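Chains A and B are the protein sequences, given in the same order. Under the working numbering, the first residue of the first sequence is numbered 214, with each subsequent residue one higher. Under the working numbering, the first residue of the second sequence is numbered 189, with each subsequent residue one higher.
To be clear, the hints were calculated from the coordinates, so they are not data collected in a lab. Don't take each hint at face value.
Derived CB-CB ranges, DEER-like [stated by the list, open to error]:
#1 B:Thr511 - A:Asp458: 55 to 65 Å
#2 B:Thr511 - A:Leu431: 15 to 25 Å
#3 A:Leu295 - B:Asp689: 23 to 33 Å
#4 B:Lys498 - A:Gln459: 24 to 34 Å
20 Å max Cα-Cα, derived SDA-like pairs, lysine to any residue [what the hints assert, rightly or not]:
#5 B:Lys285 - B:Asp441
#6 A:Lys440 - B:Ile723
#7 A:Lys440 - B:Ile777
#8 A:Lys440 - B:Glu462
#9 A:Lys293 - B:Ala711
#10 A:Lys440 - B:Lys285
#11 A:Lys440 - B:Asp441
#12 B:Lys340 - B:Asn249
Just so you know, these numbers come straight off a predicted model, no measurement behind them. Ideal Cβ placement from N, Cα and C applies to all residues, glycine included.
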Amino acid sequence: MNILRPGKSRTAQSADNSRRSFIWKMGAGASAALVPAVSMAKAEAKEATTTDNPALRAALLEEEKALRKFHQAFEQAMDKGLHEEVIGMFAADTEGAEVVINGGVFRSRSHGVSRLYRDCFPAGKTGRRMEPAPGFELTADQQRDSVEVSPDLRSAKAVFPYSIQVGMPFETETSLAAMARLHGEGVRMWWEGGVYRVNYRKDAARHWKISRLEYDTLSRADYRPGKSYAQPISVSRFATRFPEDQQGPDDLV
Amino acid sequence: MRIPMHRFKYTMLTKEQIGTKLKSAEGGPRSASTFSNVLNGKTLKIVTQNGPTLEYKFAANRRLTLTEGGKQVAAGYGELTLNQMLFFSHLIPGEQKGYNVFIDQKTNLATVFEVWTSSGIKQNAGRPNEFTLDDREVQRQIYFGYVDGGQKAPEKLHHYTNRMTGKGIHWTQDAGIETLELYASVANTNFVELTRHIDDLSYVATSDYVLVDDRTIIYNRTECEFSGIHTCFVTDLYGVKQVGVRFGFNDKDELEYYMFRGDGKVVGQLAYLENFDDHGLRPMFAPAAASAPAGGAAAVPPTGAALPQKGARTTYRPVRSFTHMTDEEMHQAALKMTSAFGGGAAQQAPPQAVATGNNLQFSDILTGKEFTLRFDNGGPVRDYRIKEMFKLQYRDRSDNVWHDADYRAYEGDDNLAWFSHIIADSKPRASVQVAVDFTNGLATSIESHMGTEYYGNETTYHAIFGAVEMPGPSNVEAPLYVRHQLTDELVGHAFSWSYSDQTTSMHIYSSPHSMSWVIFTGAQALGAEWCSPCIYVKLRPGVYIFCQNEEACNGNQMIELLNTKASHDCGFTFNGSARGVSLGVTGAIGRHIGKFDILELYGPKRRNA
């Protein structure tokens with residue numbers, strides 16, 4: 214996300230030991246330098262780490278690179294409103310996929326995930342990249358991205374910062390709202406910043422797919438580009454499940 | 189024409205009926221002015237971008253042959269010139285379509301309007317609210333191109349523009365027709381038929397604006413949802429002249445197909461609020477249905493996006509989704525739920541039932557007061573006892589029974605109370621919006637109730653004037669003759685009203701009895717627009733009541749006190765539907781956008797002169 218500052222490198226000590234079967238890699242430039250340090254630490258822990266294997270290390274780096282590219286494609290598709298492409302990035306129904314957003318869980322690519330990106334997001338003009346609201350920029354820590362690939366190269370976890378436009382159609386029958394809808398308005402919009410927490414899994418064709426995506430929202434503001442100031446806002450979480458709410462989630466969290 | 193256009197029942201002409209009527213015009217349009225004769229004996233090949241290639245041969249007696257897509261037809265045509273602009277118009281026999289062609293003889297650039305009837309165009313296709321446009325509604329598709337003389341194709345063509353936005357012109361045409369046209373939106377026109385109609389009501393028609401050069405604009409409007417008639421012309425803004433054509437069926441279902449010349453007077457210019465580097469190059473109309481976002485939204489198509497469907501335009505068609513209720517149905521709904529300011533069944537009240545957004549703060553100006561409002565000419569006499577900020581007691585002397593009612597009040601100007609409440613047990617359900625000037629002893633009540641002769645779920649209102657009597661230490665000495673009164677002081681003014689940071693509408697007070705409102709896009713271009721009758725009451729210098737019912741739209745009533753000194757309005761909404769009747773509050777921050785000098789155009793003196 215070019216509007217955010219590059220993330221700092223995560224130290225070996227900061228890696229979650231409970232996840233020692235994964236290799237943490239942060240920031241494309243930092244990754245190569247960091248891997249040996251991680252390997253040494255692991256060696257001292259008398260655990261034969263997978264990174265001892267140079268071929269695997271190279272493979273992990275390649276997968277990380279692929280995942281960053283994949284995420285870039287995801288963000289571009291969101292930015293351009295190519296929601297069918299976005300849906301296609303999720304794991305098939307047989308594999309399971311879900312999106313967690315604003316207190317709701319949208320399950321299954323052909324159902325909940327499609328409903329979210331085909332109906333809910335376009336109706337709210339949600340998902341386009343947007344500069345952070347002034348005064349609400351994420352901290353350096355919050356902007357830190359990370360990609361961890363499992364040693365078997367079949368799954369991965371990642372964290373990426375986001376800064377997007379989010380909106381909700383006016384729920385009113387007034388003529389003003391109806392007229393605004395005529396030219397694509399009639400939507401209350403705001404800015405959201407946070408991090409995507411993403412789980413990936415390779416499908417049978419060995420393509421990366423998103424198995425879980427969580428919008429971990431850290432900040433919201435009543436802001437549009439060009440406005441000289443921003444104010445914090447609160448937004449109601451999903452409270453009604455589908456099908457009672459035709460654009461609602463499958464579950465509430 | 190006496191019946192307002194939004195109330196007139198235009199005949200649903202069939203395709204066959206239209207085809208029959210069009211036969212009489214295959215020889216070309218009429219014109220009160222002498223046709224020009226530039227094209228006689230010439231051949232023209234017009235190449236358009238994303239449109240047809242039209243190859244013309246013009247013969248004597250205003251006859252032409254057109255070859256389009258390998259098919260050749262012969263027809264009559266009309267031709268007029270304005271400066272370097274050459275305009276000709278013709279129909280294609282048997283096809284219910286024709287072309288209006290504008291050629292800049294200096295640059296050889298051309299703008300072509302394809303016009304047609306019996307379109308069969310479906311709106312909201314595939315949705316529950318799908319409907320087909322009336323066959324009589326003239327459609328248009330605009331193509332930009334050039335006259336191909338074997339030269340290299342020009343890189344720049346005519347294009348859409350916002351340069352007419354905010355301008356107002358009073359036109360007088362060669363046949364004596366006068367119109368006032370306020371080009372307040374990039375996609376609409378607010379216009380008043382000064383000679384065709386008996387009332388000075390303004391209406392809105394969907395429009396396009398095309399820039400030829402800095403002084404020359406091509407324009408059209410189609411009276412969608414009314415007669416469907418189409419007016420198209422090129423104007424020279426230096427000389428304020430026009431040549432154009434009118435094509436379609438009038439209220440008597442007669443075919444009007446004539447060309448005209450006109451002289452105009454610029455009556456004013458509103459500011460338009462787009463960024464200064466936004467020249468309105470992209471039109472504002474609905475994209476192809478396949479790309480329309482859920483919820484019926486449409487948008488300005490981004491560069492490189494698929495072309496919108498042929499004929500697409502931004503047209504508000506509110507009556508299509510307005511449900512008709514009888515008076516009795518409406519009253520039964522009112523018995524189930526009558527909500528004042530969200531009380532009782534707050535969850536069913538409209539969002540404006542709470543003082544949020546940019547509304548003026550509620551006032552306790554009435555708290556502790558007891559007074560009588562005595563309205564003129566045998567009007568009601570009402571006593572008020574008010575002990576709390578949101579609850580009052582009133583008694584109408586006609587039944588002499590005290591009623592409790594929820595109310596909201598503002599202080600609209602110094603010592604000027606503006607409040608509203610429901611009339612208890614009323615049938616049809618009624619409310620009052622009352623201005624009480626405790627300084628001058630004057631009172632005005634907007635008496636509102638559900639139901640018009642057209643819909644049970646529309647509101648009706650009228651203003652009554654009187655005085656306030658308040659005994660005691662703060663005794664108000666009520667005048668005998670001085671009264672608030674209906675006014676035309678606001679006519680010509682335009683204000684944007686921001687009800688919240690998400691909702692702004694510009695009001696144009698376009699005639700003494702009507703107004704229009706325009707919605708801003710995200711880029712602050714003025715887009716969708718509609719209109720309604722209204723009244724204006726003067727309370728004090730700079731302080732007015734403005735009252736409108738969105739007739740043949742959604743029936744909602746808005747009754748605002750406008751304080752132009754503070755650029756703020758505050759007031760009430762009153763509406764009914766199958767859910768019941770609701771009295772709410774509304775208010776906004778205003779900006780004065782400009783003024784048209786149009787008052788002299790209105791009134792019986794002028795008409796009788």
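Hint-by-hint comparison with the structure:
At about 24 Å, the beta-carbon gap between Thr511 (chain B) and Asp458 (chain A) misses the expected band of 55 to 65 Å. At roughly 45 Å, the beta carbons of Thr511 (chain B) and Leu431 (chain A) sit outside the given window of 15 to 25 Å. Distance hint check for Leu295 (chain A) and Asp689 (chain B): the Cβ-Cβ separation is about 30 Å, which falls inside the suggested range of 23 to 33 Å. At about 31 Å, the beta-carbon gap between Lys498 (chain B) and Gln459 (chain A) stays in the expected band of 24 to 34 Å.
This hinted pair checks out: Lys285 (chain B) and Asp441 (chain B) have alpha carbons roughly 18 Å apart, not beyond 20 Å. A C-alpha spacing of about 36 Å is found between Lys440 (chain A) and Ile723 (chain B), which places the hinted pair above 20 Å, so the restraint is violated. Of the pairs offered as hints, the one joining Lys440 (chain A) and Ile777 (chain B) holds, with about 18 Å between alpha carbons and a cut-off of 20 Å not exceeded. This hinted pair checks out: Lys440 (chain A) and Glu462 (chain B) have alpha carbons roughly 14 Å apart, not beyond 20 Å.
Distance hint between Lys293 (chain A) and Ala711 (chain B) is fulfilled; the C-alpha atoms sit about 18 Å from each other, no more than 20 Å. The suggested pairing of Lys440 (chain A) with Lys285 (chain B) is violated, with an alpha-carbon distance near 47 Å, which exceeds 20 Å. Proposed proximity of Lys440 (chain A) and Asp441 (chain B) is contradicted: the alpha carbons are some 51 Å apart, above 20 Å. For the suggested pair Lys340 (chain B) and Asn249 (chain B), the alpha carbons sit about 33 Å apart, so the restraint of at most 20 Å is broken.
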